[in-house]
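Novice: If you want the building blocks of each chain, they are given just below.
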Amino acid sequence: MLMSLPALIEVACSLNGRQRNLTVPPHRVLADVLRDELGLKGCKVACDAAVCGACTVLVDGAPTAACSTFAFEVNGAEVTTIEGLGEPAAPHLLQQVFLERDAFQCGFCTPGMILTVEALLREHPNPDEATIREWLSGNTCRCTGYQMIVEAVQAAAAAIRVRDAAREIDA
Amino acid sequence: MNVERVALVGLRSRARIAPFRLHRPSTIEDALEVMASAEPGTAAFMAGGIDLIGGMKAGYSPADVIHIARVEALRRIDEHDGTLRIGACATHRDIAESELIRARAPAVARCWRQLANPRVRCKGTVGGNVMARQSGYDATLMLMAADAKASVVASEGHCVDSSIAEAAMLQGLLTSIHVPEPGTLQLRVDRSLYPALVVVVGFRQSKDVVTRLHAAVGGAQCQAYSAPLDVQEPVTCADLAANAQALARAFVSRLPAPGDDWRASGAYRTRMAAVLLERLLAQEGRASC
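Chain order of the listed sequences is A and B. In terms of the working numbering, the first sequence opens at residue 1 and continues consecutively. In terms of the working numbering, the second sequence opens at residue 1 and continues consecutively.
In case anyone wonders, no lab produced these hints; they're calculated from the structure. None of these values were measured; they are calculated from a predicted model. Glycine residues also receive a C-beta, built at the ideal position from the N, C-alpha and C atoms. Hints are supplied without guarantee of correctness; some may be wrong.
Stated by the list, open to error - Now the stretches of chain B that chain A is said to cover, found in silico as 3 or more residues with beta-carbon under 8 Å:
1. 18 to 27
2. 53 to 60
3. 65 to 77
4. 108 to 120
Generate the whole structure from the sequences, applying the supplied hints.
Specialist: Below you can see the structure in the form of structure tokens.
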């Protein structure tokens with residue numbers, strides 16, 4: 001018989017670009033570790049059922065429901081939360097566009113939305129509206145009606161294309 | 001956990017997840033060994049874990065969790081003797097993006113690209129979908145309509161091939177899903193009434209002749225049901241479009257009676273199963289002609 005692992009396990013991962021070594025019980029979900037142990041409150045928990053998308057983080061670039069992922073699952077992975085994307089003094093382009101386009105009201109769903117959009121734009125740099133709506137189908141917003149968010153994503157995609165073209169010219 | 005938090009936990013919460021012993025095998029043999037050495041009924045395999053964790057939040061408390069998501073042999077996608085083999089721990093995204101599947105079974109790749117949402121596609125696995133025994137899960141229904149089979153390795157080590165529906169009932173480890181003749185397969189899915197009802201039709205086509213038709217229906221309060229449609233083979237696409245209503249009604253007459261819930265009555269589900277199936281058959285008939 002294989003030996004069972006100890007009650008606490010080591011999890012080594014890259015969190016927002018910084019190597020972290022965590023010691024967690026196997027049954028602890030990632031959302032609780034991020035929020036309660038690391039103070040990363042941008043990972044919201046609402047439905048607690050992997051449905052609403054408020055707890056979305058990126059694991060190796062893939063949008064992941066932190067409420068339904070055990071912390072041990074991210075061992076060896078690269079985890080990005082909203083705090084790793086930008087900060088108030090230097091917001092990420094997506095955060096800036098969401099602000100400029102009023103793409104939120106209460107803001108509770110916004111971290112999950114932005115991280116999902118980050119993953120979307122890496123995969124589809126020039127998404128059409130149907131693709132945007134399909135990607136956002138797993139993120140619930142009870143305030144905006146989504147139209148402003150879709151427009152913000154389109155604006156962000158355009159801004160990224162302009163930025164990348166400028167970088168190419170510079171290079 | 002303080003008193004205030006306990007009061008907020010309710011009947012379903014991540015705070016209710018009970019401690020367990022974690023095992024992380026790297027081979028199928030090791031995974032089976034752990035399962036065999038556990039008390040019967042007290043261990044659970046975990047791949048993507050979405051349904052397992054959901055169940056644990058509702059009180060399911062396995063003493064041992066065997067994490068198999070990183071067993072490489074369970075993620076393999078290949079083709080053998082004209083049959084597509086998909087490892088049980090392949091994620092929906094793996095399936096949608098597999099070059100082999102896109103080339104050899106484009107209908108499968110296309111349907112898997114539309115499954116659920118990106119979060120579920122990235123983490124959810126085809127084996128987890130089957131083993132969750134949720135009759136409305138469209139991946140399972142699509143596999144049923146595709147005439148797919150499942151390979152399950154029992155704890156004694158012997159392999160059993162079963163239907164998709166039976167696989168979830170077997171004791172053992174689901175290792176792979178087999179889709180026969182992937183190149184001739186077409187799939188049409190109607191999720192417009194999800195989660196109350198999902199209807200899928202699998203077609204095998206050769207030029208403008210349909211050689212095999214298989215439908216699957218499931219959803220909340222609907223027992224997943226799949227069966228071939230009553231057709232005189234071969235059926236031309238024009239015949240399919242002309243006979244869509246009769247074929248759909250004959251199929252639906254064999255459905256186990258769906259139940260009622262707040263979404264819809266059982267009678268409505270039955271009626272709409274016939275309507276959606278007829279629509280899919282007519283669409284395919286017209287498209288193929």
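Novice: Enumerate the violated hints, using their earlier numbering and listing them in ascending order.
Specialist: none
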